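As a plain string of letters, each chain reads:
Number of protein chains: 4
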Amino acid sequence: MIFERIKSEGLAHISYVIGSENEAVVIDPRRDCKVYADIARREGMKIKYILETHRNEDYVVGSRELEDITEADIYHGPGIDFKYGNTLQDDQEIFIGSLRITALHTPGHTDESMSYALADLNAGDETIMVFTGDALFIGDVGRTDLYGPDEAPRLASDLYDSIFNRILPLGDEVILHPAHGAGSMCGGAISEREYSTLGLERLQNPVLQKTAKDEFIRYKVEEKLEFPPYFKKMEQYNLEGPPLLHSLPVPELFSPGEFREEMEKATVVVDTRMPHSFGGAHIKDSYSIWLEGLPSFAGWVLPYDKQILLVMEDKEQLESAVRYLIRLGYDNIAGFLNGGIGAWYIDAMPVDSFNLISVHDLRDKLVKGENLFILDVRSKEEWENGHIQGAAHIYVGHVEENLDKIPEDCRIVVYCGTGRRSNIAASILRKHGYDRIYNVLGSMKAWKNAGYEVVE
Amino acid sequence: MIFERIKSEGLAHISYVIGSENEAVVIDPRRDCKVYADIARREGMKIKYILETHRNEDYVVGSRELEDITEADIYHGPGIDFKYGNTLQDDQEIFIGSLRITALHTPGHTDESMSYALADLNAGDETIMVFTGDALFIGDVGRTDLYGPDEAPRLASDLYDSIFNRILPLGDEVILHPAHGAGSMCGGAISEREYSTLGLERLQNPVLQKTAKDEFIRYKVEEKLEFPPYFKKMEQYNLEGPPLLHSLPVPELFSPGEFREEMEKATVVVDTRMPHSFGGAHIKDSYSIWLEGLPSFAGWVLPYDKQILLVMEDKEQLESAVRYLIRLGYDNIAGFLNGGIGAWYIDAMPVDSFNLISVHDLRDKLVKGENLFILDVRSKEEWENGHIQGAAHIYVGHVEENLDKIPEDCRIVVYCGTGRRSNIAASILRKHGYDRIYNVLGSMKAWKNAGYEVVE
Amino acid sequence: MIFERIKSEGLAHISYVIGSENEAVVIDPRRDCKVYADIARREGMKIKYILETHRNEDYVVGSRELEDITEADIYHGPGIDFKYGNTLQDDQEIFIGSLRITALHTPGHTDESMSYALADLNAGDETIMVFTGDALFIGDVGRTDLYGPDEAPRLASDLYDSIFNRILPLGDEVILHPAHGAGSMCGGAISEREYSTLGLERLQNPVLQKTAKDEFIRYKVEEKLEFPPYFKKMEQYNLEGPPLLHSLPVPELFSPGEFREEMEKATVVVDTRMPHSFGGAHIKDSYSIWLEGLPSFAGWVLPYDKQILLVMEDKEQLESAVRYLIRLGYDNIAGFLNGGIGAWYIDAMPVDSFNLISVHDLRDKLVKGENLFILDVRSKEEWENGHIQGAAHIYVGHVEENLDKIPEDCRIVVYCGTGRRSNIAASILRKHGYDRIYNVLGSMKAWKNAGYEVVE
Amino acid sequence: MIFERIKSEGLAHISYVIGSENEAVVIDPRRDCKVYADIARREGMKIKYILETHRNEDYVVGSRELEDITEADIYHGPGIDFKYGNTLQDDQEIFIGSLRITALHTPGHTDESMSYALADLNAGDETIMVFTGDALFIGDVGRTDLYGPDEAPRLASDLYDSIFNRILPLGDEVILHPAHGAGSMCGGAISEREYSTLGLERLQNPVLQKTAKDEFIRYKVEEKLEFPPYFKKMEQYNLEGPPLLHSLPVPELFSPGEFREEMEKATVVVDTRMPHSFGGAHIKDSYSIWLEGLPSFAGWVLPYDKQILLVMEDKEQLESAVRYLIRLGYDNIAGFLNGGIGAWYIDAMPVDSFNLISVHDLRDKLVKGENLFILDVRSKEEWENGHIQGAAHIYVGHVEENLDKIPEDCRIVVYCGTGRRSNIAASILRKHGYDRIYNVLGSMKAWKNAGYEVVE
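Chains as they are written, first to last, in the UniProt record's numbering: chain A, 1 to 456; chain B, 1 to 456; chain C, 1 to 456; chain D, 1 to 456.
Just so you know, the hints here were simulated from the structure itself, not pulled from any lab data.
Hints are supplied without guarantee of correctness; some may be wrong.
As the list claims (entries may be wrong) - Derived CB-CB ranges, DEER-like:
id: 1; chain 1: B; residue 1: Pro169; chain 2: D; residue 2: Leu244; range: 52 to 60 Å
id: 2; chain 1: A; residue 1: Pro229; chain 2: B; residue 2: Glu194; range: 36 to 44 Å
id: 3; chain 1: B; residue 1: Asn402; chain 2: C; residue 2: Arg436; range: 34 to 42 Å
id: 4; chain 1: D; residue 1: Leu244; chain 2: B; residue 2: Gly257; range: 30 to 38 Å
id: 5; chain 1: C; residue 1: Tyr304; chain 2: A; residue 2: Lys7; range: 43 to 51 Å
id: 6; chain 1: C; residue 1: Ser98; chain 2: A; residue 2: Ile69; range: 39 to 47 Å
Nothing here was measured: the structure is a model prediction, and the numbers come from that model.
Glycine included, each C-beta is placed from N, C-alpha and C at the ideal position.
Only chain A is shown next, with the shape it has when bound in the complex (with noise of 0.2 Å):
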């Protein structure tokens, strides 16, 4: 039996193969899929199945395109009209090699959420895996809030006895995959840790420790989750069956000139730095949003009607640029501004700054009294567990929409949780033309280590 875990940064979705006796099963491929072909190449096996948990709202699902390299079918969850795959009825088992793979119904996050319980016939007739989707994390449950605040009763209600009544009686001792890690927009709490078992969760998960349903439903439906505006493109794709890409797309190099003028056709410029970097020195009109922030950011200030243009710190970085845009399905990706920021201000072409503020300085200025519009991008949760005083909360999601709530003649100083949303925020009120901004280094992490008071 072999077993792999592939983790995709950012968006935190974990998909896996697992493969017995030259045969393979994918779980949840992600849409840039050769990495499965290639594991299943190098141990000689073939992928018979590809198995979906549910219809994902948060990425490209790469069923299709891993289907279009190999000879898999497709299999996915009942109650929801797919137009490509397989339906699997509940209980439902797989055969590969000497594994059985049980299908169960398990509600709740969707509709349509299946569970895969996997048993090792050589050891066993008992389960010692279990895939869970997007129905339990490690120290967190799946949403309940996708299909609105009517529907998230039922669905809290689905959950809770997907979990305790189909779940978790598998056995202490089995092992738990779920389908995303920390940093996922799928749960609002799951754990950095990435192994953990029924008994565990049983044991540890704080919602798990709600046995009682009212009470965890009351729990789910108080739950407040921001809700990307892309989510609704990818329900669409993975309904549907996603475009094909076949391959990467590559995109062109552009000089500082070409990229100029492709700036004056229908793109938007995202800017991949950090935001010390940004602050010095960025095409005007451009959005900040650090690499690795793509996958949970790139859907809450990208169109889909545009083509992007990437501005990076290294040329080397552009493959996973082009990675993390295409799980979202962003896959106009028109071309990249060879050589950099330097090439730009080298060819004289126009650049823009922001200030950057350490925690030190602005606690200067609060003593001080100066007049300053502070505006913190957090989350709510993590804005009512503890903010600076005086300041007012917009999500850095929502800034773009509420920029009539944000003065434009006093200083507006912007931070978040390290200073990288709060970054993007800034971007996106300079584009807008605020033109006194101060990103703060560290924002509220060092804010915090500095011992600067908070209130909630």
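Assemble chains B, C and D onto chain A, guided by the hints.
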């Protein structure tokens, strides 16, 4: 929390790096230990502790080597006079970042064997993983015969207590991380599966079904496992602390002429090619041990007081060969044949050969009643599970000391499971002057696949 | 200015990337052409031109493939009706960055052959390098027999003029970059050295010492070079523009059972292992061509209308094998044997073998006067420089069509230079039912190294 | 014959491996010399000789380091009392395989400078390549000012004789391989082109157009080149034999807190990020030298008696930084900041910054007549070729010793060619308390690209 399994092929030895908040611990490091330092550096962590589960008998432990390139402290179990490192007491606790590691004294495989129970205090006080060394494997338990037959009952009794009274009570939900996987000589029937929990072992591990202590002890005392001669060397090394290597040895490249000169000195030639390549042409008097077989079989045939000369299919295999050998304490690798066997015969150096025979041809000869001495060199257990009618049995590791049982005046047909161990035996016989040797391609596996008869 | 030589092993084909100020040109690209795009991208350059020196006969040119993934235009020489690209005139100039490339019509190898003289205008107007295609090599000149014996005198005369009146007058100081290195079938005796100048060739190239035109022509007309059958296919491809691959084919992995089924179809099996591995055990009716021998010998023995099945020493060699084959237009690679020959015989599939014999044993047999048919399969030139007394000569490429000259009723001993080409021949004989075949390990090299006698 | 150029970036130092028939020679190895041993091993060769062209002044030669891991002997030129290796005489010959290397005494850059003429005896007796060290470059000749102004005329005279009477007479057709490419401080105007011949230099090299000896000497004596302080250290090292490293130093990783503690000791902080990243936030009192600038500029600003602490954009750059530093003899690299500048400011450590200004904004300020001190830190030659009106000139390497010429009471605008050297200067000024510093993004290149005026 980071967690990495480092598997050393062949020995099926598994070591672990666990880290939290810039601190890391390594359990049972191997001798070529740069891998651990590289992981720690990649994660921005410092290795603070090196934990040994026991004085290993099957490989050179890398604790001192790793201590030399880090600031880590070495710890091992009580009751044996290690010449390096520090002694842990039962129930002693170690902390790194948010993790707590509790030392459990679990004798049985050896007297000083320790297990290590890990808790993630961020998630709760419960044990989430246990590192059991050679006490409990997936699908088997540690051998209890290392101190000889007189001590075996006592060790088996200790092991029973360690497993049933210390380890299993940690809980079904605890993830199991042993020191070996399938293929190790430290257990007889370790599973190929790499993931398990205490609950799964309780349910599926065949030895753990012997819940009555006397039954468990009887089973262990009757167990027959091979004891390679190099174990003694390893025990001495791992008690006193093995010599430091600082870096991998870089064997010299020898032209055929130089190689032949080296052969005149106190050297031994090891040819790491596959049987179908070795049979047709090899250097006279060389041992055949296929590359991946070095970890398991070098310790049976290679002396420690001679320099080793290597012949390989491909120069690229040199690093693997060197790693395999130094893990067993064979530090004296003089060099390798530049250009391999092809360079040797192009220089008109003397070559030797023996025959490769298919199972079909062997069957024909048997049916015709040809005069053959058929030698089965598999383990006793494999032999007892079925062999070719009329064969004699000598384990590959014992062939060189039992030549008197092998006739010189007839054709010798050697077989094992697939033809690789029998090639070792064939090379030994050839070295000792036997001149009508046949190695069976595919051996017992092919014999059975062809549908030919076996007897028990 | 950047300059890179891309050498394709086996064919000894050399292509070039030259770039200046964000623009690049590629000369004679190979079919697996991603390498050029990667270099250009790494340097921040765009490939603007693809220059062909001539319609190649020994490999599939990659111009159209490269054109497909870049914005480059293809150019080749005049006087032949290419179905793609543009035609250059003699003395036409192309500019990239600060470089000037002047096209020189240098017929002789073929009528449309071009050379390209490069000047770096930043340094001066003088030619610094010349790319001579198959007109002038290091140590040899291009063959002039491709249009048949009737045209050879005319082509030789043209080549004389091209070299002595167009190329050498560029100046002794000009660096020479031909389209092939040692080992190519486009010249008889190309040097292994990779660096030269026109002055060095004028002084050292043996053919250029024939400064009298009639002597030069006589020498070329009398030259005897082999003409592999696949040349015809290449000429057609490179005239019409070969089919586009878009990416490397990914052959399927076949289990021994599936492989055997595929063998029933219109397929041919190629085993790329070394002779000492192939001799001992191989699949019946397979061709032996060692991996690095594929570029030179696949075109002699493999048909274009059958699917190719591969057997390799190591799965890692697949990509090389595929590259070698598609460069010759063998796009129909059905798959490879999963697990190699070991998996085959473990599944008890039928194996075949023939004998490997050392030069010492061969000498013994000859001294004893055993009845042997000794077959030398080297080139005519090698044969004439000395062979084993009593041997017959048939070039390896002609063995399959000359079986009537090889007796079936005695032992056949095959030799070549080192034992690899003779292994091809041995596999052909075996395939045709000869059953007492001996391949000589080390062949003529070993024979001479042993000090045994050769006759001329 | 094998031939490889090993180019060490930054220093633009070029070393060579030449091999034939299992023997190899290395010319001017660098200190991190494993690369040569790896090439030799890959080719199945032994390095027999290490040839030095001269006692280098700009890097630590790796001869002793390479001697230590091979069996090679070191050779250098006559007339200077080297404390290691052997002395060659003029016209002495060395043979490896079929190659002959003739030592030519070619003083001028230094008294003991040697060139090495290579002939391939298989092809003929003529010289095919010459390795000229620092005597003759592509597009320039070696500097003759290392012994001071009094000796310069004598050295220039020697160099003239070496080039015109020893090297050029070898023949126009000879391929030229110097010890440096463009960017080296050992010649003023070495071409970016990497390939040349003696004939091409005779025709195109500007200095070689001065064929009258007195004109040549006058030109060389008037030449003004910078002399970095670390040259003295290199000369001493390369005379006595530098200390052996055995392997690359592995700097420790420091948390921000530990890093700050290290800063209290005898240390100096070097930040290798690009100007647009450094300007916005950096550790107070750190030097800015961008990564690829280390080989050229570390030797100007870093002392040898302090430990070095590194701040990098990315941990992956550590190996390059270490290589660059040890090549200059900076073996005391204490450690690097774990997590980079981001970790620093998240821990609320004190950050510093200065302004980045575009050429457009600078122009605006000038037009408005703002009070600015404009400092040009380029070389004298660049300055003389055109600078911004009103600027003052101090070479970047001399800024720290000329602070008295820079006013403290006004804004200081620093520029160079592209903004990287000026960032070094800006960091030096900041370190010395200047607090209104502006570095010009794109500097003179951008200024010119914008079409703004320069004066001479």
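Item to check | Hint numbers not upheld by this structure, sorted from lowest to highest | outcome: none
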